[in-house]
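My request is simple: use the sequences and hints to build the entire structure.
Under our numbering, think of the first position of the sequence shown as 1, with each following residue one higher.
Since the hints were made in silico from the structure, they are not lab data.
One or more of the hints may lead you astray.
Stated by the list, open to error - Straight line, CA to CA, 20 Å or less: simulated EDC-like cross-link-like pairs of lysine to aspartate or glutamate:
no.: 1; residue 1: Lys59; residue 2: Asp40
no.: 2; residue 1: Lys44; residue 2: Asp67
no.: 3; residue 1: Lys59; residue 2: Glu71
no.: 4; residue 1: Lys59; residue 2: Asp37
no.: 5; residue 1: Lys63; residue 2: Asp37
no.: 6; residue 1: Lys44; residue 2: Glu71
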Amino acid sequence: MKIRKKRFEDANDDFPSDIGCQVNRAVMLQVARNMTDNYDGILKGRRFFVCGHDPLYTKESRKILTDSCVEISRLG
1 MKIRKKRFED ANDDFPSDIG CQVNRAVMLQ VARNMTDNYD GILKGRRFFV
51 CGHDPLYTKE SRKILTDSCV EISRLG
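This is the structure:
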């Protein structure tokens with residue numbers, strides 16, 4: 001894959017640091033919806049999302065991304 005030099009944004013900004021929560025399937029589904037929000041989602045206008053093999057990226061959360069025309073590239 002050829003990656004051009006671009007500005008990358010950290011998707012972890014969607015996780016509020018001052019609010020304690022248990023990250024689980026429901027939280028990750030909401031994060032995926034927030035990231036692909038048509039108004040102010042971090043992936044608005046983006047084609048690719050690079051992530052690791054974290055089990056929290058479930059099929060459902062990946063489907064939300066792909067349904068929004070975001071291609072997922074998993075590292076490793």
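- Of the hints stated earlier, which fail here? Of the numbered hints given earlier, the structure breaks just one, which is hint 1.
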